[in-house]
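Protein chains in written order, with the UniProt record's numbering: chain B, 1 to 181; chain D, 1 to 181.
A few of these clues could be false.
Identical copies go unnamed one by one, so any copy, or any two together, can satisfy a pair.
Mimicking SDA-like on lysine to any residue, the simulated pairs with C-alpha atoms at most 20 Å apart in a straight line are [as the list claims (entries may be wrong)]:
| # | residue 1 | residue 2 |
| --- | --- | --- |
| 1 | 28 | 135 |
| 2 | 62 | 16 |
| 3 | 62 | 146 |
| 4 | 8 | 36 |
| 5 | 8 | 38 |
| 6 | 171 | 156 |
| 7 | 62 | 135 |
| 8 | 28 | 77 |
| 9 | 8 | 42 |
| 10 | 8 | 39 |
| 11 | 125 | 145 |
| 12 | 8 | 81 |
| 13 | 8 | 37 |
Quick caveat, the hints were computed from the structure, so don't treat them as lab data. Predicted model, so just to flag it, every value in this text is computed and none were measured.
2 protein chains.
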Amino acid sequence: MMHRPPIKFCKQCGTAVEYRIPDDGDTKVRAVCPSCDTIHYENPLTVVGTVPSWGDRVLLCKRNIEPRFGLWTLPAGFMELNETTTEGAARETVEEAGAQFEMQDLFSLVNVSRVGQVHLFYRAKLTSDQFDPGVETIEARLFLESEIPWEEIAFHTTRVTLECFFADRRKGGFSLHHLDV
Amino acid sequence: MMHRPPIKFCKQCGTAVEYRIPDDGDTKVRAVCPSCDTIHYENPLTVVGTVPSWGDRVLLCKRNIEPRFGLWTLPAGFMELNETTTEGAARETVEEAGAQFEMQDLFSLVNVSRVGQVHLFYRAKLTSDQFDPGVETIEARLFLESEIPWEEIAFHTTRVTLECFFADRRKGGFSLHHLDV
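From just these sequences and the hints, can you work out the full model?
Right, here's the structure in full:
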């Protein structure tokens, strides 16, 4: 997903930063500006998306962008400022699939601490089986569980969320899944 | 919580940034470096914390830091890189209260989109009523619902999470609360 090279210069004054523990009682090494004292915090990113369903089928998008070009994913992307998690998940579903849907409950929270990300997937009930995917998507298509291209799924968070979704569907009820991958 | 002044200089090369829509198909204005083309994304921050309980009592911490110095809060703070949401919530509970506890389920997800934050609170079952608060806390104390200092609660996310917690306790069962404030 997003590549994060180390911070080299102060975002407030342009001076080369130092890496050290700040003097304010902090316990972690941060990029600190020796000129204006700005501390550059780096924190995990939130990825928000949906599991859009139409009867027994789930909507997947074939990626038209790197990474994982040509592989299938649930609609999802980085949460932006000035939106809620639900609004972000809905925005990504419109952008990547051009889908029409009603948002439902939070379905999975997946920690990917290795890359500093938290992924949140909401269930979404499609209100049409017609899609209008944006530039990031080659194709948006509905899949029965038996049709899911498991060998061509782009991200592990999509894979585990789909596995939980179909397992819950077989059990007849959906609950929140809290996972670390 | 964390103040976010606009980015002025490129974190990779120190050149003054421009604010414009990047040329990569993006639709939002970002801080873009005219020299090395680095795009500086700014995304919401995740705050992680706990609702620690001991029988009918809940643990609150009196803040020894700004903002909201001297007011009461649930133990919580910004999630760091290289930890899961649960690990971050546990870390903050140790740092701010010096509490001993068992982590339980996710209890509230509170969007604070006005300031670009998502707050996640987990229930935690205290295994001792002795605390050893860190430098950020004046006092860590257990409160019955009738004793909660509602007029001296530091943050709205703490207030709504406490309200949901005591309402669920009266009903006899806890579920996930998904809120926008």
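Verification of the hints:
1. For the homomeric pair residue 28 and residue 135, the shortest alpha-carbon distance between copies (15 Å) is at most 20 Å, but the shortest distance inside one copy (40 Å) is not.
2. Within a single copy, residue 62 and residue 16 get their C-alpha atoms no closer than 41 Å, and across copies no closer than 37 Å, so neither meets the 20 Å cut-off.
3. Taking the shortest Cα distances, residue 62 and residue 146 sit within 20 Å of each other inside one copy (18 Å), while across copies they are farther apart (54 Å).
4. For the identical chains of this complex, residue 8 and residue 36 are neighbours both inside a copy (15 Å) and across copies (13 Å), given an alpha-carbon limit of 20 Å.
5. For a Cα distance limit of 20 Å, the shortest separation of residue 8 from residue 38 qualifies both inside one copy, at 13 Å, and across copies, at 12 Å.
6. Proximity of residue 171 and residue 156 under a CA criterion of 20 Å is satisfied in neither setting, with 23 Å inside one chain copy and 37 Å between copies.
7. Taking CA atoms no more than 20 Å apart as the test, residue 62 paired with residue 135 passes inside one copy only; the shortest distance there is 11 Å, against 50 Å between copies.
8. When the C-alpha separation of residue 28 and residue 77 is checked against a cutoff of 20 Å, the pair qualifies only between copies, where the shortest distance is 14 Å, while the shortest distance within a copy is 28 Å.
9. Within a single copy, residue 8 and residue 42 get their C-alpha atoms as close as 13 Å, and across copies as close as 17 Å, so both meet the 20 Å cut-off.
10. Taking identical chains as interchangeable, the C-alpha atoms of residue 8 and residue 39 lie at most 20 Å apart whether they share a chain (12 Å) or sit on different chains (14 Å).
11. Proximity of residue 125 to residue 145 under the C-alpha cut-off of 20 Å is restricted to the intra-copy arrangement: shortest distance 16 Å within a copy versus 39 Å between copies.
12. Taking CA atoms no more than 20 Å apart as the test, residue 8 paired with residue 81 passes between copies only; the shortest distance there is 18 Å, against 24 Å inside one copy.
13. When the C-alpha separation of residue 8 and residue 37 is checked against a cutoff of 20 Å, the pair qualifies both within a copy, at 14 Å, and between copies, at 15 Å.
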